[in-house]
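With chain A's structure known, arrange chain B with the ligands on it following the hints.
Listed in order, the protein sequences are those of chains A and B.
Each residue of the first sequence is one higher than the last, beginning at 1 in our numbering.
Each residue of the second sequence is one higher than the last, beginning at 1001 in our numbering.
Residues on chain A that point at chain B, a partial pick, calculated with CB under 10 angstroms:
# : residue
1 : Arg124
2 : Gly125
3 : Val127
4 : Gly129
5 : Ala130
6 : Ser132
7 : Leu133
Here are the computed lysine to any residue pairs in the SDA-like style, where the Cα-Cα straight-line distance is at most 25 angstroms:
#  : chain 1 : residue 1 : chain 2 : residue 2
8  : B       : Lys1129   : A       : His143
9  : B       : Lys1085   : B       : Leu1039
10 : B       : Lys1085   : A       : Leu48
11 : B       : Lys1109   : A       : Gln219
12 : B       : Lys1171   : A       : His143
13 : B       : Lys1109   : A       : His143
14 : B       : Lys1109   : A       : Asn216
15 : B       : Lys1026   : A       : Pro52
16 : B       : Lys1124   : A       : Thr136
Taking CB as the label site, the calculated pair distances span:
#  : chain 1 : residue 1 : chain 2 : residue 2 : range
17 : B       : Ser1126   : A       : Asn94     : 41 to 49 angstroms
18 : B       : Arg1084   : A       : Ser62     : 29 to 37 angstroms
19 : A       : Ala82     : B       : Ser1126   : 44 to 52 angstroms
These aren't lab readings, by the way, just hints derived from the structure by calculation.
Here the structure is a predicted model, which means the values were calculated and not measured.
From the three backbone atoms N, C-alpha and C, an ideal C-beta is built for every residue, glycine too.
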Amino acid sequence: MNFLLEFYNYRILAEYIPQFYEGLCTTLKISFVALFGSLAIGTVFACLRLAPNPILWRLAASYVQAIRSTPLLVQIYIIYFALPEIPLLDRRLNELEGGILALALNAGAYMSEIIRAGIQSVARGQVEGAMSLGMTYIQRMRHVVLPQALARVVPPLLGQTAILIKDSSLVSFIGVSELFSAGVTVMTERLIPTEAFVTVALGYLVIYLVLLWASNWAQRRLAGP
Amino acid sequence: MDNNKNKTVKNFIIKVEEVSKTFHTKGRKPVVALKQVTLQVEEGEVLVIIGPSGSGKSTLLRTLNGLETVDAGHIWIDNVDITRKETNLNQIRQKVGMVFQQFNLFEHKTALANLTLPQTAVLKTSSGKAEATAMALLNKVGLEGMERSYPSQLSGGQQQRVAIARSLVMKPQIMLFDEVTSALDPEAVRGILELMESLAHQGMTMVVVTHEMGFARRAGDRIIFMDGGEILEEGTPQIFFDNPQHPRAQFFLSQVL
Ligand SMILES: Nc1ncnc2c1ncn2[C@@H]1O[C@H](COP(=O)(O)OP(=O)(O)O)[C@@H](O)[C@H]1O
Ligand SMILES: [Mg+2]
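The following block holds chain B by itself, in its conformation from the complex:
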């Protein structure tokens, strides 16, 4: 299937320029998580990041909504440099949704309340309107009848659906996914991946860290391979999977495929 969108003018909604990040932990050697990473993402593009564990994928993703600060370099989201101190990160984060491996739902709130809270608190939506939006989204992700359940009463797959719906209530322009199926059983994995593919088809700009190579091939417009905090290879799924150039990419693929 050809997912590549025909665009005359390239509008980069995400620009990352020479971003570096080192973690300093007391009593341990500093860890270089990102080494001068540069990349761009077009509006509506699905960028898939793959690579071995510890290669800096999560760190890179988390810099895109300011959950992680950078030591050097710049990141522009919709032409706003979010690495500048003056930038209001909370405003940027309304445009950049994020879904986590461990769901990160509010445990003391029902599925419905998980979706209404960000609207009433951040967007100052009236509670009636917030509830209507929340119900519609919960239905859309296949959770009809689960509105009153607490996260602890839901399966992993259902919790992840709530988490995706919760991000969507903010009407984000970009969605970040960090190994969102890694904590799920195979049945649930399929459902979540289908949900993500349908989001991709609706034109959502997505940056996806995943070990699901089938998903990367089907839904990805472009693949990035990272190792040791660097982008070692970049290309379309066809080129990357059928003819990887870098030895470490070749080795990685031989392990996972």
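So here's chain A without its partners, still in its complex pose:
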């Protein structure tokens, strides 16, 4: 056991279980909310990107371009520090909300490109079938195209979600205590960076495995036969 203690001092780490646990929960919460936000944003922008109206699709294209060409950390800082008071909320966003919003906006841009590819993979014939029945653009998207498009792009969306979860560590820079910052605490207080960050990494790995299971389930539900 001495050999193990030298490499991975679980005795010191045991003292920090509450910090790691809370960090893990916060990371999960941030990722979960940002994931659904980004899926919604991604779906809306994918539809806008393919809309017949040139103003709409140019707007969506510019959004994706703007997100892709700037660092996420800068986006987080802009959202957190530069965004004024939100009218309905009557205050500015706190660090957690700002972090989640920035992550959702960022991942949403990437997701919209993935979802757009999924939409375009649904055979044109099915869209014409729906059109010939008098279904509107929104009805066609909602009932015919999106269910099939999303089922097909679950694997790349999963990859993007993994990126989102890893990127969520960046919100520690605006003061959110999540999994990564729990590792930083251990490192600075006890000077054991290996243990601190191997533990953090394991935490992210566990989240990913749970996610993998969830995506298999989602794919089966959407796909049909």
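Here is chain B with the ligands on its own, set in the frame of chain A:
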């Protein structure tokens, strides 16, 4: 058999006036698909469009429910000019059903759900009522017991029956058929043609693009021959098949008959 209906007043449910359409594809020469096409269809009439591949038959059919826009000319469906920008095409399409060569079923939905979706989504029918209508129509087209099958689990002929039934749930006044038997084996072709003939006998207004000359002769009230985006000849099946006038129609018939 004489299918011609005796009508005192001619009520044209479809009017096409000098419709032209050119396709522009990047890097290619523009293709003139329709050249000033004019035609009318009476209520209850079965109009059959024949002609070689690339002659503009599909394009003409697709302009009738606005799946294809026109460059010039006008089209009236039930006295509504569908080439006007203000016209709500989705409303027109509820009156004009269309059946495609490749069926175009919703692949992620069962046969039953393919028929209930347009009712609940477009007509806002309650799901119970939509299901009853769907079951009745699936039975009518000979698909009893197939309600829960997905398109991929059905044969081509069965898929086309679902597609026809799906169009019928909207209670259309007009049905458009674009080479609906071209992707089917001979056995299935016969079944689908019989189904179409029974629809014709029930008085449905139909515009049918087909290579099935037997069907055209039996079920058609009138034949149109197209080539190069133009209507070159028009007449009753007897006159057209027994005594075609235009050289290209004569040549076409000599190839297919
Ligand atoms: N979406 C399109 N884009 C470009 N060219 C097209 C398109 N649809 C049809 N065409 C062209 O228009 C002509 C008529 O086509 P179509 O109406 O499909 O003929 P048919 O149904 O009689 O075989 C053809 O030359 C075809 O290549
Ligand atoms: Mg065609």
